[in-house]
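Enquirer: Protein chains in written order, with my numbering: chain A, 1 to 309; chain B, 1 to 375.
These are computed hints drawn from the structure, not numbers from a lab.
Across the chosen pairs, the derived CB separations fall in these ranges: (1) A:L164 to B:G110: 50 to 58 Å; (2) A:Y113 to B:G185: 39 to 47 Å; (3) A:L31 to B:L90: 36 to 44 Å; (4) A:P226 to B:W11: 37 to 45 Å; (5) A:R8 to B:F14: 51 to 59 Å; (6) A:E199 to B:Q13: 23 to 31 Å; (7) B:F14 to A:R13: 42 to 50 Å; (8) A:V4 to B:K131: 34 to 42 Å; (9) A:I18 to B:L90: 36 to 44 Å; (10) B:T200 to A:W217: 36 to 44 Å; (11) A:L164 to B:I71: 36 to 44 Å; (12) B:T258 to A:E199: 50 to 58 Å; (13) A:P226 to B:L121: 22 to 30 Å; (14) B:W11 to A:I18: 54 to 62 Å.
Ideal placement from N, C-alpha and C gives every residue a C-beta, glycine not left out.
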Amino acid sequence: MNPVTGLRRFVDRNGLAISAYLLVAVTLWMLAMIILPQLFMLDFSFRYNLPPAKIGGPEDVWTISNYAFLVFGSSGNPDAYNWIDLSVFFRTILAAVFVTVFDVALCYPIAFYLAQVAKGGFGRLMVLCLIIPFWVNEILRAFAFRILFGATGVINTVGMSLGLLDQPIDFVGADIALYAGLGYAYILLMIFPIYNAIESLDHNQIEAARDLGAPWWRIHYRVVIPHAKPGIASGCTMVFMLSAGALAAPQILGGPSSLWFTQIIYQWFNTGGNWPRGSAYAMILLIACIAFVMLMMRVFKVGLGEIGR
Amino acid sequence: MSANVELDGVWVQFGSFTAVHDVNVTIEGGEFFSFLGPSGCGKTTLLRTISGFQEPTQGVVRIGDQDMAGIGPNKRPTALIFQNLALFPLMSVWENIAFSLEVRGVDKAGRRKRADELLELIALTGQGDKKVSELSGGQKQRVAIARALAVEPEVLLLDEPLSALDLKLRQHMRTELRAIQQRVGITFIYITHDQGEALTMSDRVAVMNDGVLEQVADSATIYDQPETAFVASFVGENNLIPGKVHEVAEGFAVVDSTIGRLRARLPRSQRAALAAGEDAYVFVRPEAIHILNGAGGDGFDNTVRAHMSQEEFEGNMRHLILDGPGGNEIRASVINAGRGIGHGLGSDVTLGFRAEMTVALPKGPVAAERDSDAT
Numbered sequence: 001m002n003p004v005t006g007l008r009r010f011v012d013r014n015g016l017a018i019s020a021y022l023l024v025a026v027t028l029w030m031l032a033m034i035i036l037p038q039l040f041m042l043d044f045s046f047r048y049n050l051p052p053a054k055i056g057g058p059e060d061v062w063t064i065s066n067y068a069f070l071v072f073g074s075s076g077n078p079d080a081y082n083w084i085d086l087s088v089f090f091r092t093i094l095a096a097v098f099v100t101v102f103d104v105a106l107c108y109p110i111a112f113y114l115a116q117v118a119k120g121g122f123g124r125l126m127v128l129c130l131i132i133p134f135w136v137n138e139i140l141r142a143f144a145f146r147i148l149f150g151a152t153g154v155i156n157t158v159g160m161s162l163g164l165l166d167q168p169i170d171f172v173g174a175d176i177a178l179y180a181g182l183g184y185a186y187i188l189l190m191i192f193p194i195y196n197a198i199e200s201l202d203h204n205q206i207e208a209a210r211d212l213g214a215p216w217w218r219i220h221y222r223v224v225i226p227h228a229k230p231g232i233a234s235g236c237t238m239v240f241m242l243s244a245g246a247l248a249a250p251q252i253l254g255g256p257s258s259l260w261f262t263q264i265i266y267q268w269f270n271t272g273g274n275w276p277r278g279s280a281y282a283m284i285l286l287i288a289c290i291a292f293v294m295l296m297m298r299v300f301k302v303g304l305g306e307i308g309r
Numbered sequence: 001m002s003a004n005v006e007l008d009g010v011w012v013q014f015g016s017f018t019a020v021h022d023v024n025v026t027i028e029g030g031e032f033f034s035f036l037g038p039s040g041c042g043k044t045t046l047l048r049t050i051s052g053f054q055e056p057t058q059g060v061v062r063i064g065d066q067d068m069a070g071i072g073p074n075k076r077p078t079a080l081i082f083q084n085l086a087l088f089p090l091m092s093v094w095e096n097i098a099f100s101l102e103v104r105g106v107d108k109a110g111r112r113k114r115a116d117e118l119l120e121l122i123a124l125t126g127q128g129d130k131k132v133s134e135l136s137g138g139q140k141q142r143v144a145i146a147r148a149l150a151v152e153p154e155v156l157l158l159d160e161p162l163s164a165l166d167l168k169l170r171q172h173m174r175t176e177l178r179a180i181q182q183r184v185g186i187t188f189i190y191i192t193h194d195q196g197e198a199l200t201m202s203d204r205v206a207v208m209n210d211g212v213l214e215q216v217a218d219s220a221t222i223y224d225q226p227e228t229a230f231v232a233s234f235v236g237e238n239n240l241i242p243g244k245v246h247e248v249a250e251g252f253a254v255v256d257s258t259i260g261r262l263r264a265r266l267p268r269s270q271r272a273a274l275a276a277g278e279d280a281y282v283f284v285r286p287e288a289i290h291i292l293n294g295a296g297g298d299g300f301d302n303t304v305r306a307h308m309s310q311e312e313f314e315g316n317m318r319h320l321i322l323d324g325p326g327g328n329e330i331r332a333s334v335i336n337a338g339r340g341i342g343h344g345l346g347s348d349v350t351l352g353f354r355a356e357m358t359v360a361l362p363k364g365p366v367a368a369e370r371d372s373d374a375t
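So here's chain A without its partners, still in its complex pose (with noise of 0.2 Å):
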């Protein structure tokens, strides 16, 4: 179908005013929120951090030298690298696919329980108690848990007391407190694309696996897992961008040693002042996630089509 004749059909299928309106919020949507913006910021990745004089001016000129500096530092670094910002980079996305990891093994069985065992009214409830914590908004969770996981906090006050803990924990410190704050911000893009996935298993697959001897192991690596696979995928690569690109979590709930690669892009915008700068760190963040994000589809042999489903 040409684009024409396919123009034509959509036009005829949705009457005239109803199309002109798809299509321009689309494009508009698409152009003025999405693609200039984030075009802008590319342009920004490849110039020098000037004075709003010299802007436009001979010395405005296209550079890759802010994508360098992640990699090399400063021209007076000792180091041959900038490991300092290098090493939260890689940090920041290994902890990312560990979050992401927690949360499939957390909210897979969550999402199969609901999709297939929960009937009726228990199932319901389970959901609505999924939902209504995401009513109270993110800054207040992620202090919350700083009271939760605290040096004096409500789990260490509790074990001590109760005389399970000679001396607190340092939750905050080992990076307890921002895994699991940043876990349960993501848990429902997580469950709602499994259970999607689960809830459209028949069920007569699972118990016809289970009469011909399967184990409930085998069931679900064999039966249920393959046919939530686009579920897992969609759901995984949501947490995982998120959390890579999470910014109140790590700020709150991060030990005092441990910088997420987002405060970084942060602190070039904002106090460093070099918006090229930021922009060149948030445009490796973001390729850097992408380009994750396919070799996994890959290993795993999952199609971008399927996701969307």
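Since the structure of chain A is already known, use the hints to place chain B on it.
Expert: Below, chain B without anything else, positioned relative to chain A:
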């Protein structure tokens, strides 16, 4: 290996609803046994009880003389074929068939070999690498059978597996199923609402209604000698004529019915239940009713005058709908021998039927109008 299946006082209750009501039956090893009944009669629940997906509320299920209480479906010597087959769409045909071997840790070469043998049994040699979605309905059916047989079950349970197929294929699969059963020699327990399937394939049929086993017998006995009003009305076409018992003697009852006094056979099991003065239903099959040409009874025990109002011509049979006395509609079927029936529509005729072909049963629940897809 085939095992017998014994249901001993089995009850299944869901809250206050009784799905299976005190079922007692022994299915012999190697038998093709059908549970026949309308939807919602509890037959699927009973099958799930045998396969282990449902624990009986009361009673004992024994397979091969072993009590199955507390033994899960994956540990029973049974295999279940689901109504929608429940093949695994993400596995190839041979992987589907060999799934139970994979579970048992058979290596890949061994699994493939066994799958190929089973593919040969179901006449799908060389199709093992196809996807399930590439098969036709009848082929999927056979793959489901092969997958179940791969476990080497002692009892194969089938939950209306033919209901999704079209009529021609369904009839073909009946023959096929029966042949496979005879080849593998294991016990088949078949669930269906389609009496044609039950009667043609089974060694014995159990007719079920409202969770109760109405009658267990071979196909001919079920059809010719129904023991309850439900069986008589559910299996095959039947004329139901209500009445009251006038007298009972020597295995026959004389019933004062709404079309006159009729003499009818009284099944042995119902002799105690039907005494003079009791309400009764008299059943006579359309094909047992003859249209008489002479005015006399011609040796028929029962004769009735009726008005021919309609005819349905079906090729091999002519189905006549007649208005009998007391506003009763009587259906009579005659074989089309090419000679016509000698009477036109609108004429009054005498119908005759023998007492042996007429049965008197205690008044009781009867089958609702049958679904149109039943044959």
